[in-house]
Amino acid sequence: MDTSFVIATFIASAIAYSVSLLLGTLGELLTERAGHVNLGVEGMMLMGGACGYVTAVKTDNLLLALFAAAAGAALGALLYAILTVTLRANQNVSGLALTTFGAGLANTLGSTVAKSNTPDHITAFFSFHPFSLGDVQNPILRFLNVSLLSHDVFVYASILLAVFLSWFLFKTKEGLSLRMVGENPAAADASGVNVTRIKYMYILIGGMLCGLGGLYIPLVLQRTWHADITAGKGWIVVALVIFVRWHPIKAIGGAFVFGALSIVGMTIQQFTQISSLVIFNQYIMVMYPYVLTIIVLVITYARKKAWRGPSSVGNSYFREER
Amino acid sequence: MKKVLALVLTTVMLAGSMILAGGCSGTDTKATTEGTTTGGAETTAAGGAETTAASGDVLKVGILYISPKDDGGYSQAHAEGMAEAVAALGDKIQVFELENIDDTDAQATSAAIDNLVNEGCTLIFTTSYGYMEPTAAAAEKYPDVKFCHCSGYTRNDTNLDTYFGQIESARYLAGIVAGLTTKTNKLGYVAAFPIPECIRGINAYTLGAKSVNPDVTVSVVWTNTWFDMDAEKAAAESLLATGVDVMAQHQDSPAAITAAESAGAYAIGYDLTYAGAPKAYLTAPLWNWGTYYTYKIQQVLDGQWKVENYWGGMKEGVVKLDTLSSLVPDAAKTAVEAVQKDVTEQGNAYVFKGPIKDQTGAVKVKEGESLSYDDQMSMMWFVDGVIGEIPTT
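Protein chains in written order, with our numbering: chain A, 1 to 322; chain U, 1001 to 1393.
Mixed in with the good hints there might be a few duds.
Per the computed footprint, the stretches of chain A lying under chain U, defined by three or more beta-carbons under 8 Å from a beta-carbon of chain U, are [unchecked claim]: (1) 1–7; (2) 178–187; (3) 222–230; (4) 255–266.
So, partial list: chain U residues that the calculated Cβ filter (under 10 Å) puts toward chain A [claimed, not checked]: (5) Val1220; (6) Asp1228; (7) Lys1233.
Source of the hints: derived by calculation from the structure; they are not laboratory data.
None of the values given here were measured: they were computed from a predicted structure.
Beta carbons are placed, not taken as given, at the ideal position from N, Cα and C, and that holds for glycine.
Please model the entire structure based on the sequences and the hints provided.
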């Protein structure tokens, strides 16, 4: 067995797997930066996935599919925003309702294309790897080629997006306003920031990113639709946002770690010397992402001066109550 | 005022999802009914409106599916079988189908069975292993109703029996196809759970492959899932990375086939024909339940009900190998044809005919003997040629 090739392939699989986690995390992170925890990620990913996939199959047009995925998920996010921003309903309940609603809608819509596959030329587009070195012999180059360089445009674009969002959050005025709304909407309001606009805008953009992440699963990874195809990734995202401490750059690494842990149980079985150890038990391994999140939480809260996330997350903003 | 609005919006969302779910099964009902109008039989989906036609003395038959009956896999195979029975028996029966009944939820299963009995069903098929105990309990509760449970082992003397099929015969033939298609002599198998049913399948596949290509090995990765596309895709990718060039699987999702196609390898499916990977799909061991359902329902119609342990094979037509795709080399086609008759006639007795060695080289089945039914049902060891371990926990 060619160990380095097996490991390189595993890294490549984990990266492909983590794209939807990364996009979802970036989306939820923006939402939470605006002071709203949206537990509807799973529902929005499914809605985006179904709307986008149905569009892809019916129209054979990738751009339309991406648009439909973003629009479908944004519709869910809009419902959530109306409930929690304008009507100031409880964020947790609204998010959970969105998950149930989104899953039902998505599975109904998706069942119309249940037996379909991704159109060939969309698959061909995603088979194009811009940075691939081709067939290289040098073992180190080959490892890099297989693990990091043989991915589609969407993968690199989502990593670039994380970098961009980091710049946006910490270096631009709009980013400052967004963070301010999440920390202290009253202060933001007093300094002339339109709190409602910011909240609506980033809840919607957050939803769109979740939708695009949801689309990647049926369109590229599985190339077919099945009910509940996101299989709980929306919930992993909710934990991931805390794990990466609301930071877009860290989301790249965080999504990879969570993605890798989710599927490493299969690759471990190729290494029979260690695969029987209890720590590699498959049922225990699926728990690791959440254990990591708890550890991060414990460390964060143990340090007195550590930043604990946007302070007004979960609270509705009442302008009159100052 | 805003609180009221919020409440209204949330209610609308929740109600919306329920209506959608209801609407979904409603469409199914319609589709099935249209498909079977000539026979006059009608089907009802879970939660769907009941559309009984009061037509004299028909046998009401109920059936439980673990997933939607258009799942493209296990349940669809059963549903197509039931549709075949309806087509064959026409207006003598009326079928009530309940989909998406979680087989790990005993209460839901019992409630579903109660519903079928209340509809007047006197013959009920429960199609998943996990339905075993609720089915046994129902058999005791309703002595006048006859129950048939798929893949289990609990029977009684009067109204509860079991059915399953010798799918391993078809897997053996699939192994022959794989053994003569591979270039690397490394086959991969994405295995579901370390239970006898799956182990039998892996062994039959390996024996088939080795019967035509002694150098071949079959590497196994367990996913502990019946349907988890992420796990099954990852398992296939890890196997493909080790040089495997033909994948096989036990799960109901096409993820392993898709992964094989992406890697430029071949794949053997399961349950139903898969058209989504024309560059990889070789063939698949298939279920054809129509034969069984028609037989069993006819038995009851004739007043000849008997408790049995139905274990049909290729001879009865309950299992078969899918038509070989154009990717299969001629040598493999010839090799399959050469043993087709014997496998069809003898079924699993041919597949597990000695001498068979286990992974350590010890002889488990002697020359001239064949593994008994009980030993097949409790098979917890791999044959020689399998690379992988059976987890003990």
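Here's how the hints hold up against the structure:
Check on the region 1–7 of chain A: 4 of its residues sit with their Cβ under 8 Å from a Cβ of chain U, so the three-residue criterion for coverage holds. With 0 residues bearing a CB less than 8 Å from a CB of chain U, the region 178–187 of chain A misses the requirement of three and the coverage assertion fails. Counting residues of the region 222–230 of chain A whose beta carbon lies closer than 8 Å to any beta carbon of chain U gives 6, which meets the minimum of three for the stated coverage. Figure legend: the region 255–266 of chain A, annotated as covered by chain U; annotation consistent (4 residues with Cβ-Cβ distances under 8 Å, at least 3 required).
Interface hint status for Val1220 of chain U: upheld, as the beta-carbon distance to the closest one in chain A is roughly 8 Å, under 10 Å. At about 7 Å, the closest approach between the beta carbon of Asp1228 of chain U and any beta carbon in chain A falls short of 10 Å, and the interface hint on this residue holds. The criterion of a C-beta within 10 Å of any C-beta in chain A is met by Lys1233 of chain U, whose closest approach is roughly 7 Å, and the hint holds.
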